[in-house]
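Student: Chain order of the listed sequences is A and B. Going left to right, the first sequence walks through residues 465 to 990 as the working numbering numbers them. Going left to right, the second sequence walks through residues 789 to 975 as the working numbering numbers them.
Think of the hints as simulated: they come from the structure by calculation, not from any bench. A couple of the hints might just be wrong.
What the hints assert, rightly or not - If you want a taste of the chain B side facing chain A, the calculated C-beta under 8 Å gives, among others: (1) Ala865; (2) Tyr876; (3) Ile961.
From a predicted model like this one, the values you see are computed outputs, not experimental measurements. Beta carbons: idealized from backbone N, C-alpha and C, even for Gly.
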Amino acid sequence: MTLPTEKVDVVIVGSGAAGSAMAAKLAAGGKQVVILEAGPERGNRDLISSGIWARRLKWNGESVVEDGENPVGHVFNAGYGIGGSAMHHFAVWPRMHEEDFEMRSLYDRGLDWPFSYADLQAHYDQVQRESGIAGDAEKEIWRPPAEPYPMPPVPRFAQGSVIARGFDKLGMHTAPLPLAVTTREYNGREACIWDGWCGAGCPIGALANPLIIDLPIAFAHGAVLQANATVSRILSNVTGEFVTGVEFNNEAGETRQLMADLVVLAAFTVQNPRLMLASANDKHPSGLANSSGTLGKFIMSHSAALVYGLFDENTSCHLGAVGGQLVNQDGYGKNTHADAGAFGSYQWMIAQAVKPNDLLGMATTRPDLFGHDLHAFMQDAAHGFAGMTAVIEDLPLAENAVTLSSTLDRFGTPLARVTHTTHAQSKLLWQAVLEEGQAVFKAAGAREVWTGPQAAMHIMGGTIMGQDPAHSVCNTYGQAHDIPNLVIAGAGLFPTSAGVNPTFTIHALAARSSEHLLNHWNSIVQ
Amino acid sequence: MPQTRRAFIRTTGIGLLSFYVAGCKLELTPGEARQQDIPFQVLQVEQVRILEAFGEVLLPGSAAAGLAHFIDHQLNAAPADQLLMIKYLGVDPPFTAFYTQGLAALNDTAKSVHGVQFFELSVDQKIALTGQIALANPDGWAGPPAPFFYFVLRNDAVDVFYGTKQGIESLGIPYMAHIEPPSRWGE
Numbered sequence: 465m466t467l468p469t470e471k472v473d474v475v476i477v478g479s480g481a482a483g484s485a486m487a488a489k490l491a492a493g494g495k496q497v498v499i500l501e502a503g504p505e506r507g508n509r510d511l512i513s514s515g516i517w518a519r520r521l522k523w524n525g526e527s528v529v530e531d532g533e534n535p536v537g538h539v540f541n542a543g544y545g546i547g548g549s550a551m552h553h554f555a556v557w558p559r560m561h562e563e564d565f566e567m568r569s570l571y572d573r574g575l576d577w578p579f580s581y582a583d584l585q586a587h588y589d590q591v592q593r594e595s596g597i598a599g600d601a602e603k604e605i606w607r608p609p610a611e612p613y614p615m616p617p618v619p620r621f622a623q624g625s626v627i628a629r630g631f632d633k634l635g636m637h638t639a640p641l642p643l644a645v646t647t648r649e650y651n652g653r654e655a656c657i658w659d660g661w662c663g664a665g666c667p668i669g670a671l672a673n674p675l676i677i678d679l680p681i682a683f684a685h686g687a688v689l690q691a692n693a694t695v696s697r698i699l700s701n702v703t704g705e706f707v708t709g710v711e712f713n714n715e716a717g718e719t720r721q722l723m724a725d726l727v728v729l730a731a732f733t734v735q736n737p738r739l740m741l742a743s744a745n746d747k748h749p750s751g752l753a754n755s756s757g758t759l760g761k762f763i764m765s766h767s768a769a770l771v772y773g774l775f776d777e778n779t780s781c782h783l784g785a786v787g788g789q790l791v792n793q794d795g796y797g798k799n800t801h802a803d804a805g806a807f808g809s810y811q812w813m814i815a816q817a818v819k820p821n822d823l824l825g826m827a828t829t830r831p832d833l834f835g836h837d838l839h840a841f842m843q844d845a846a847h848g849f850a851g852m853t854a855v856i857e858d859l860p861l862a863e864n865a866v867t868l869s870s871t872l873d874r875f876g877t878p879l880a881r882v883t884h885t886t887h888a889q890s891k892l893l894w895q896a897v898l899e900e901g902q903a904v905f906k907a908a909g910a911r912e913v914w915t916g917p918q919a920a921m922h923i924m925g926g927t928i929m930g931q932d933p934a935h936s937v938c939n940t941y942g943q944a945h946d947i948p949n950l951v952i953a954g955a956g957l958f959p960t961s962a963g964v965n966p967t968f969t970i971h972a973l974a975a976r977s978s979e980h981l982l983n984h985w986n987s988i989v990q
Numbered sequence: 789m790p791q792t793r794r795a796f797i798r799t800t801g802i803g804l805l806s807f808y809v810a811g812c813k814l815e816l817t818p819g820e821a822r823q824q825d826i827p828f829q830v831l832q833v834e835q836v837r838i839l840e841a842f843g844e845v846l847l848p849g850s851a852a853a854g855l856a857h858f859i860d861h862q863l864n865a866a867p868a869d870q871l872l873m874i875k876y877l878g879v880d881p882p883f884t885a886f887y888t889q890g891l892a893a894l895n896d897t898a899k900s901v902h903g904v905q906f907f908e909l910s911v912d913q914k915i916a917l918t919g920q921i922a923l924a925n926p927d928g929w930a931g932p933p934a935p936f937f938y939f940v941l942r943n944d945a946v947d948v949f950y951g952t953k954q955g956i957e958s959l960g961i962p963y964m965a966h967i968e969p970p971s972r973w974g975e
């Protein structure tokens, strides 16, 4: 693809879920779109089924300095190359609940989202039809108002049945996990074969990632993608009222500029505020579009509550999707564990397909074992292992933030520093949910039950949206309050984290934002 | 466009490392590289002896599976191509110092406590020392945090032993690859 030299309509920084979705919608709407991706070019043939090779999909760009008591795990959670982190995401696509959008009004926590669930529902439904989600709307008793799922639910294998037995005995519910994975042929995509290689990328198109869903649409409408293009600065006009394009370094290390009517930052939660802070100028001395002082603040990361067990039955734990087979949201109400001092929502992702090695592999669940004991465990676990993970809501704190390090990258841009310490009530929720999970496994008949450490899952916030320009960076459509033709896309917009996986919501926000931008183009661009 | 699974399987290779010996490229598994005594590019002979002895304590059979050649090959690759799990454990590349300093600290501890190098300890002594560093830094430890070093090396051993098609199938689990690892690691 040849990069235009003249001014284009839209330049998008990043080709992950948010950037690709924006590119597809804006290009289909007739706009000339260029995507700049810092990482390498990648196609389906590069998605090797191996936990070792899959590490190429993880962040490999400029270092991110992490501190705080609970680092966000940037390298593990972020992606690198075309498709970004969506190339190794597990495609668990539940919706946020209605109350998640009113955290300030209902619970005096964080900020309200600048719209309600009802305002986003049509976009959830639209994305669901386009990308394909498998689920069972009737059994998912917690699900907010929504269209039925377009595909039948994911199959339940032995591991799912074994763990479901524990939920049943405790009077708790389970339903098929909503997955953006094909359970039948869907829009020309093959059905999943449930081999558990989701985290290594899905080359057959069963899992909805940008290479399958959005980039083909964007390219069909003329969008151009430049890989190995690292954006180092956002350019603005002399008055600071508009952005005019971006400065980037290409694979040869040459500095280039690309001018555009609209700049979309979709470089993931950490790099977006880093770029805005690093683009400070005399009109925006504390960072671009930072008149509120909130740029970079309210970084959130779900804590993962990890519960494992060994059963006498054969669980066939290698089968299925890595995201899981079943979901439980009985504890989604914010005060389910108030007696423990906890606050927030959570959901269980149940019966996740597992491999022997890598950070989420069977061996890593028992780091205390080595030698012949480890071999014995591996033989045992290969047949009787089971696991589930809870997504724990992380309450927003202003001190959890992206700031600039004093260390510069190879292009002279300060590195990002991410500080994150889990909110005390979120930590208490994580502990209470771990207890619940162990009770479920014991009720299911596990002969051995253990838990994992608090782990970071998903990264959100930092460029939060809100109604009030004094307390948020972006408006309801992701436009910076201070600069209307600078748009942020992705989970950085989330003012609160909810207790569900973010990717479906990222897509719904991108659909909503794109629709608005196209409908009001002339009043938005200079 | 998505690829069909059948098309991928037709084009698969097996998991090998590539080595250049006397100008000739050899494609070998890590275990074959060890059997053929292929020269190391980054690690020194003594470091290899410590690493293999430690690997055998962490996961018996990992030395023969080529743990040292696997790590050496990865450390010799460009940072963007390195596939060691340490890359997402909060350590910035290059990773060579992490390994060499950790191995030196392990060996120094063995010499300090027992008066011999780590690979010269009895099996029971190796196991006892490994159990110790899994929990805390021994007195005088001068390397990366000992429990973290243990965690990383243990996972490397698991990678080379159980992370391959052969290793996964040794557990009775079908590999079911869409695309099997191609002929060269780390590229």
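Student: If a hint holds in the structure, say so; if it doesn't, say that too.
Tutor: Tested hints:
1. Ala865: 11 Å, violated
2. Tyr876: Holds, about 4 Å.
3. Ile961: This hint holds: Ile961 of chain B lies near chain A, its Cβ roughly 5 Å from the closest one there, short of 8 Å.
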